[in-house]
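*Asks:* So the chains spell out like this:
4 protein chains.
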Amino acid sequence: MFRRSLSTVAKMKPVTIKCLADVCVIPVSSPSVSDEVAKIQLLLKETGIKHTLHSAGSTLEGEWDTCMNVIGQIHEMLHKEGVLRVQSDIRVGTRTDKGQTAQDKIDIVHEKMKRGFNN
Amino acid sequence: MFRRSLSTVAKMKPVTIKCLADVCVIPVSSPSVSDEVAKIQLLLKETGIKHTLHSAGSTLEGEWDTCMNVIGQIHEMLHKEGVLRVQSDIRVGTRTDKGQTAQDKIDIVHEKMKRGFNN
Amino acid sequence: MFRRSLSTVAKMKPVTIKCLADVCVIPVSSPSVSDEVAKIQLLLKETGIKHTLHSAGSTLEGEWDTCMNVIGQIHEMLHKEGVLRVQSDIRVGTRTDKGQTAQDKIDIVHEKMKRGFNN
Amino acid sequence: MFRRSLSTVAKMKPVTIKCLADVCVIPVSSPSVSDEVAKIQLLLKETGIKHTLHSAGSTLEGEWDTCMNVIGQIHEMLHKEGVLRVQSDIRVGTRTDKGQTAQDKIDIVHEKMKRGFNN
Chain U
1 MFRRSLSTVA
11 KMKPVTIKCL
21 ADVCVIPVSS
31 PSVSDEVAKI
41 QLLLKETGIK
51 HTLHSAGSTL
61 EGEWDTCMNV
71 IGQIHEMLHK
81 EGVLRVQSDI
91 RVGTRTDKGQ
101 TAQDKIDIVH
111 EKMKRGFNN
Chain H
1 MFRRSLSTVA
11 KMKPVTIKCL
21 ADVCVIPVSS
31 PSVSDEVAKI
41 QLLLKETGIK
51 HTLHSAGSTL
61 EGEWDTCMNV
71 IGQIHEMLHK
81 EGVLRVQSDI
91 RVGTRTDKGQ
101 TAQDKIDIVH
111 EKMKRGFNN
Chain P
1 MFRRSLSTVA
11 KMKPVTIKCL
21 ADVCVIPVSS
31 PSVSDEVAKI
41 QLLLKETGIK
51 HTLHSAGSTL
61 EGEWDTCMNV
71 IGQIHEMLHK
81 EGVLRVQSDI
91 RVGTRTDKGQ
101 TAQDKIDIVH
111 EKMKRGFNN
Chain X
1 MFRRSLSTVA
11 KMKPVTIKCL
21 ADVCVIPVSS
31 PSVSDEVAKI
41 QLLLKETGIK
51 HTLHSAGSTL
61 EGEWDTCMNV
71 IGQIHEMLHK
81 EGVLRVQSDI
91 RVGTRTDKGQ
101 TAQDKIDIVH
111 EKMKRGFNN
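Residue numbers (UniProt numbering), protein chains in the order written: chain U, 1 to 119; chain H, 1 to 119; chain P, 1 to 119; chain X, 1 to 119.
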């Protein structure tokens, strides 16, 4: 079961709101991290979460708890590979006015640049 | 139960590694966010999670899933208050070589500054 | 001249190391920011800096002072447009072991995923 | 002079708006970074910039170009010390509606928590 730890005082409750979580994971070990980034991509694929890779991180799309748990799995995987310290930067957004995918966000900007902000 | 959503394809598994998660929450609404930040502090207190406030965010200490879930609760609370979009930046670190609290990190730096790096 | 302010006590000196600066700009005003993001893209084009747009920000490539100054120009542009508060998250990396473009970083990961980490 | 590089195509212009720049510097080398963080604190002191240390970074206060230049000096200092790759996360905010120091931001939150949001 998920929330089984008694040592954790904090009250949890399911957070199922959809989010876009853009994460940049830094294995604090060697300057070359492309091996680790490739392994992260394979793990993301394996979990089945929707994601896209860009030059400064990966954007995950899904429910809050799921996205955040998957990023935690990345940390644990890297630690198992021998990385002593892992640091991530996560930019995460939620909104209630409309649903929007990562691709939607790019499309609307490109469209507005073309149209000249007439709308 | 925690992972009850069938709509979420991604495989979750408990992530219980301790982490330091420093979060800066931005309610994208009005330029003055001190009301929201105060409400966030009250929610943090209510959940029971270990946390400290600084000028650029709050640092949470605890198990991965717990910390991340609590940050998700903040987003949901703000949405319930009427904020349409919430964006957070999370700096989260895990390490397997030693345990370290947020206060430890500050103490060791101050100590090294005094000692002149003799160690 | 650039460093003309006497009110600024801090000592500046040129920082010309190449960097990759990935920035996510948040105009803290309305939930819909696509107009602002489109204007940011036009400003980036106008300055002549090398940049690429992705769903969670824009990656700038160039000398440190230049990249950071251009991001500052974005803030000033948005303020001129009437945005009262602008918050950015910048992930910036520098390295001395080799030069690497944003596209290089993606290419090497894709290559390693294909090759199965044999190298 | 500051903007002397001809190799940089991008157009720079002074950005003197006041900002709060919270930076978390990660020397991607060894898991223990307290030595480097202590050196960063000493460099900050030396430059004369207003700054405060917390467990997840340091908050700089001053004009945009100055703050960002000082962070660049940190990267260069670490590279001189032999660190091959340095990655920073910068949360930077500017606002035109009022001036606010890092301490102000904390004070107002504490005050609102006490007053119970009556205002």
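There's no promise every hint is true.
As the list claims (entries may be wrong) - Not the full set, but computed from the structure, chain P residues with beta-carbon under 7 Å of chain X: (1) 11; (2) 39; (3) 41; (4) 66; (5) 84; (6) 101; (7) 105; (8) 106.
In short, the hints are calculated from the structure, not lab data. As the structure is a prediction and not an experimental result, all values here were calculated from the model. For glycine and all other residues, C-beta sits at the position ideal for the given N, C-alpha and C.
*Asks:* With reference to the structure, classify each hint as holding or not holding.
*Replies:* Taking the hints in turn, this is what the structure says about them:
With a cut of 7 Å, the hint placing residue 11 of chain P at the interface with chain X holds, because the nearest CB-to-CB distance is about 5 Å. For residue 39 of chain P, the suggested interface contact is broken, since its CB lies about 16 Å from the closest CB of chain X, more than 7 Å. At its closest, the beta carbon of residue 41 of chain P sits 14 Å from a beta carbon of chain X; the interface hint therefore is violated under the 7 Å criterion. Hint status for residue 66 of chain P: holds, given a least beta-carbon distance of 5 Å to chain X, under 7 Å.
Interface hint status for residue 84 of chain P: upheld, as the beta-carbon distance to the closest one in chain X is roughly 4 Å, under 7 Å. A hinted interface residue such as residue 101 of chain P counts as satisfied when its beta carbon comes closer than 7 Å to some beta carbon of chain X; here the least separation is about 15 Å, so the hint is violated. Interface restraint check for residue 105 of chain P: the shortest CB-CB distance to chain X comes to about 12 Å, outside 7 Å, so the restraint is violated. For residue 106 of chain P, the suggested interface contact is broken, since its CB lies about 17 Å from the closest CB of chain X, more than 7 Å.
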